[in-house]
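Undergrad: Given next are the chains, with one letter for each unit.
2 protein chains.
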Amino acid sequence: MGKTDWKAKAKALKKAVRRLQGPKSGAPAAPTPAKATTPVSPLAPAAFPDLPQIAGVEFAAAAAGVRYAGRTDVMLVRLAPGTSVAGAFTRSSTRAACIRDCQEKLAAKVPAGSGAAIIVNSGNSNAFTGAAGQSAVRAITDAVAAALDLPASRVFSSSTGVIGEPLPFGRITGKIPDLVANLSGGGMAGAARAIMTTDTFPKGAAATVTGEGGEIRIAGIAKGSGMIAPDMATMLVYIFTDAQIAPPLLQKMLSRQIGDTFNAITVDSDTSTSDALILAATGKSRAAEITARSPAAKPFEAALRSVMMDLAHQVIRDGEGATKFVEIRVTGAISPQDAHRVAMAVANSPLVKTAIAGQDPNWGRIVAAVGKSGAEADRDRLSIRFGDILVAEKGWRNPAYREEDGAAYMLLQDLVIGIDLGLGKASRTVWTCDLTHRYIDINADYRS
Amino acid sequence: MGKTDWKAKAKALKKAVRRLQGPKSGAPAAPTPAKATTPVSPLAPAAFPDLPQIAGVEFAAAAAGVRYAGRTDVMLVRLAPGTSVAGAFTRSSTRAACIRDCQEKLAAKVPAGSGAAIIVNSGNSNAFTGAAGQSAVRAITDAVAAALDLPASRVFSSSTGVIGEPLPFGRITGKIPDLVANLSGGGMAGAARAIMTTDTFPKGAAATVTGEGGEIRIAGIAKGSGMIAPDMATMLVYIFTDAQIAPPLLQKMLSRQIGDTFNAITVDSDTSTSDALILAATGKSRAAEITARSPAAKPFEAALRSVMMDLAHQVIRDGEGATKFVEIRVTGAISPQDAHRVAMAVANSPLVKTAIAGQDPNWGRIVAAVGKSGAEADRDRLSIRFGDILVAEKGWRNPAYREEDGAAYMLLQDLVIGIDLGLGKASRTVWTCDLTHRYIDINADYRS
Numbered sequence: 003m004g005k006t007d008w009k010a011k012a013k014a015l016k017k018a019v020r021r022l023q024g025p026k027s028g029a030p031a032a033p034t035p036a037k038a039t040t041p042v043s044p045l046a047p048a049a050f051p052d053l054p055q056i057a058g059v060e061f062a063a064a065a066a067g068v069r070y071a072g073r074t075d076v077m078l079v080r081l082a083p084g085t086s087v088a089g090a091f092t093r094s095s096t097r098a099a100c101i102r103d104c105q106e107k108l109a110a111k112v113p114a115g116s117g118a119a120i121i122v123n124s125g126n127s128n129a130f131t132g133a134a135g136q137s138a139v140r141a142i143t144d145a146v147a148a149a150l151d152l153p154a155s156r157v158f159s160s161s162t163g164v165i166g167e168p169l170p171f172g173r174i175t176g177k178i179p180d181l182v183a184n185l186s187g188g189g190m191a192g193a194a195r196a197i198m199t200t201d202t203f204p205k206g207a208a209a210t211v212t213g214e215g216g217e218i219r220i221a222g223i224a225k226g227s228g229m230i231a232p233d234m235a236t237m238l239v240y241i242f243t244d245a246q247i248a249p250p251l252l253q254k255m256l257s258r259q260i261g262d263t264f265n266a267i268t269v270d271s272d273t274s275t276s277d278a279l280i281l282a283a284t285g286k287s288r289a290a291e292i293t294a295r296s297p298a299a300k301p302f303e304a305a306l307r308s309v310m311m312d313l314a315h316q317v318i319r320d321g322e323g324a325t326k327f328v329e330i331r332v333t334g335a336i337s338p339q340d341a342h343r344v345a346m347a348v349a350n351s352p353l354v355k356t357a358i359a360g361q362d363p364n365w366g367r368i369v370a371a372v373g374k375s376g377a378e379a380d381r382d383r384l385s386i387r388f389g390d391i392l393v394a395e396k397g398w399r400n401p402a403y404r405e406e407d408g409a410a411y412m413l414l415q416d417l418v419i420g421i422d423l424g425l426g427k428a429s430r431t432v433w434t435c436d437l438t439h440r441y442i443d444i445n446a447d448y449r450s
Numbered sequence: 003m004g005k006t007d008w009k010a011k012a013k014a015l016k017k018a019v020r021r022l023q024g025p026k027s028g029a030p031a032a033p034t035p036a037k038a039t040t041p042v043s044p045l046a047p048a049a050f051p052d053l054p055q056i057a058g059v060e061f062a063a064a065a066a067g068v069r070y071a072g073r074t075d076v077m078l079v080r081l082a083p084g085t086s087v088a089g090a091f092t093r094s095s096t097r098a099a100c101i102r103d104c105q106e107k108l109a110a111k112v113p114a115g116s117g118a119a120i121i122v123n124s125g126n127s128n129a130f131t132g133a134a135g136q137s138a139v140r141a142i143t144d145a146v147a148a149a150l151d152l153p154a155s156r157v158f159s160s161s162t163g164v165i166g167e168p169l170p171f172g173r174i175t176g177k178i179p180d181l182v183a184n185l186s187g188g189g190m191a192g193a194a195r196a197i198m199t200t201d202t203f204p205k206g207a208a209a210t211v212t213g214e215g216g217e218i219r220i221a222g223i224a225k226g227s228g229m230i231a232p233d234m235a236t237m238l239v240y241i242f243t244d245a246q247i248a249p250p251l252l253q254k255m256l257s258r259q260i261g262d263t264f265n266a267i268t269v270d271s272d273t274s275t276s277d278a279l280i281l282a283a284t285g286k287s288r289a290a291e292i293t294a295r296s297p298a299a300k301p302f303e304a305a306l307r308s309v310m311m312d313l314a315h316q317v318i319r320d321g322e323g324a325t326k327f328v329e330i331r332v333t334g335a336i337s338p339q340d341a342h343r344v345a346m347a348v349a350n351s352p353l354v355k356t357a358i359a360g361q362d363p364n365w366g367r368i369v370a371a372v373g374k375s376g377a378e379a380d381r382d383r384l385s386i387r388f389g390d391i392l393v394a395e396k397g398w399r400n401p402a403y404r405e406e407d408g409a410a411y412m413l414l415q416d417l418v419i420g421i422d423l424g425l426g427k428a429s430r431t432v433w434t435c436d437l438t439h440r441y442i443d444i445n446a447d448y449r450s
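Order-wise, the sequence lines are chains A and B.
Residues 3 to 450 in the numbering used here are what the first sequence spells out, letter by letter.
Residues 3 to 450 in the numbering used here are what the second sequence spells out, letter by letter.
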């Protein structure tokens, strides 16, 4: 297979070793300087939204140097006594220690009387770190519990970043006094920045609902850019509301809305070991308690859904290397499972995603992706649309379709690909982005 | 979302339209000049192998200008009377007209007395071309049947290339007289070139077995580079042998060996609409007929497997943009299905593949891919190896593992990633390649 170029190999080796700066004696690596800023995604919103303060929620961020120096990388959230907490988490069988800890604590259903807290770090995911990983979670959540006078069972933690490296948790616990001192109701934007990894912009969204006797506010933040194919959960997402609502109903609404929002997005088909969504309701609004039957229940759930959808779409708009925001609408499937299978086969097809990156209306690759999905499909009933343009139907290209029209459509930044299977009534919409050189740039180098 | 740069858009539009050169009136587009040659894959074998002639098989190639001018793009194979034919085909629900035609003809079990033929074109896959696609298959196979005095039911065809464009079949049928005139037992290498699309090298493999009373030869050719994730079949592969063997046994051996060879490779997780493998046995060897119980049956099947494996590996070595040939060995799974699921989740993970492209021993991404696979896995029993290097076990990095060793290993061209789930006895080995900038280059432009 050709001669080995040893000189080139040696050079690459040297570079690789230099990059690794491997911890040699078990001591955590010193923080490296934060990388040169990646250009902001062309799909980013014009500005971070003006998030309302949520009564009963305070934020603080700090630079702990978990992995990178010169940036904030820890956020702390304090939640007032009486706060209901709900959550959704990755189903990865290799999920991180903090995910397991959150799941156990939520399952224990500790009364909300005492308040609660969330602590999150970026730079290290504490995933696949064995028993030491569990100890690190305990050390961090115990320290927060002590500092805020809370039971440890009400302190939730998340970690995001490199997998398999020991978490230098002392750097985090060392910052807790500062974090506690700086807690403020207006700190949500700073918190959104502290949890970023390869994200090119911080993500926030908000909504307001009129309840019985007062306004109810919802505001949330998220991080996510790569390793995005949530499975019953999402990236890191924290949503806060001042609604009064019991934990079981809050959880029910969250679980109901996650399928069409965070579980309907994919950047690269890779599900993270650290996906987590925590939803906290402080009950500080003047509006009456929301119960399953109260008139505000539906509007509140709709507003919650809108915040979730907005954040989920922002994650796709910050997909690693993304230049196109793509909606895949599948209709006419014989079952919701089949509709999902087709939508995800198209959304995750490297050939479809590279065609979109090349602004090529290559609908043949969409046909191939439908064909490989395993879902029931009939070539002669299938139809494909770019936006409103009918591209193909009845087993062939629509005679009225002109490739110039498809080519012009592909130049848009936001695309809608419609796929009707013509077999049944089930449908599914998912969102994805294109696959570009920048994805390779980011991931052939970044340690995640 | 920022201001629109209309000038840039207009430019891109102009370029896209120019590229498309869309057929406007239903007439097939004129052939465009063949593209500048892509550099040969760094993983390519040093040279095309010296394939033996197979008695009873003749080849011819021609330049029909199906899509590109200045290159051969049609091959014809004539098989002697008495040839047994077996096949394996894509299970895509949107498979091409020629695939359906081959499947029907093989199912009809026409006696082999009359001989047979195979005609293949590159440049256009005749997939998703409706009733016109079926007519094109009929026109081509009927013309070959007439020219070679064969029943049409013994003429098999394949097409590979762009999906959804009408196949200009007249260009192919117009070349049949030339093809017939040029048939020769020594034309296999030329045939291997004629079926290439984005391939950077032609693929061939051969083996010889000692039968009872004489030698048995096997030789085959393949094409494949992208849209590679075969599902019960493969790219285009044609394997010939002079063995005497009845069609049912030939088919049985083929079906038995396809799982571990062509169905164990993936370049990009995209299954083609045109995958086909045709295996023909002319019976011209002096060796006695192979039956299920004859002593030559096992050696023959082993030799057939070796040719299939060699060709399957060559397809990966020519994977679009590949710089690494990667074997994924999964052991310790509770079922073969789980082992396959884990192996393919790792082999198709864009994050694993980009890490390999970057020569980064990023085993955390392997853990994440195992976790997302849906297979049963236990973090604390999982172990991961790079070649012989034990990287991680018991839920954490092996304390003796040094990242420098992993980094040095990743510089090799051929890599073996070992994943032991520690749960059962099932195993699965699959092959893949890395995901590089060249994959994006090739696929953001090429129409397939």
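Any given hint could be a false lead.
Because identical chains cannot be distinguished in the list, a pair is counted as satisfied if it fits within a single copy or across any two copies.
Simulated crosslink set (SDA-like; lysine to any residue; CA at most 25 Å straight-line) [as the list claims (entries may be wrong)]:
no. : residue 1 : residue 2
1   : Lys396    : Arg140
2   : Lys254    : Gly117
3   : Lys427    : Ala410
Bear in mind the hints are in silico, worked out from the structure with no lab data behind them.
Undergrad: Taking the hints in turn, state whether each one holds.
TA: Hint check results:
With identical chains, the CA atoms of Lys396 and Arg140 are at most 25 Å apart between copies only, with a shortest distance of 20 Å across copies and 60 Å within one. In this homomeric assembly, Lys254 and Gly117 come within 25 Å of each other (Cα to Cα) only inside a single copy, at 21 Å, whereas the closest approach across copies is 67 Å. In this assembly of identical chains, Lys427 and Ala410 lie within 25 Å of each other by CA distance neither inside one copy nor across copies; the values are 31 Å within and 54 Å between.
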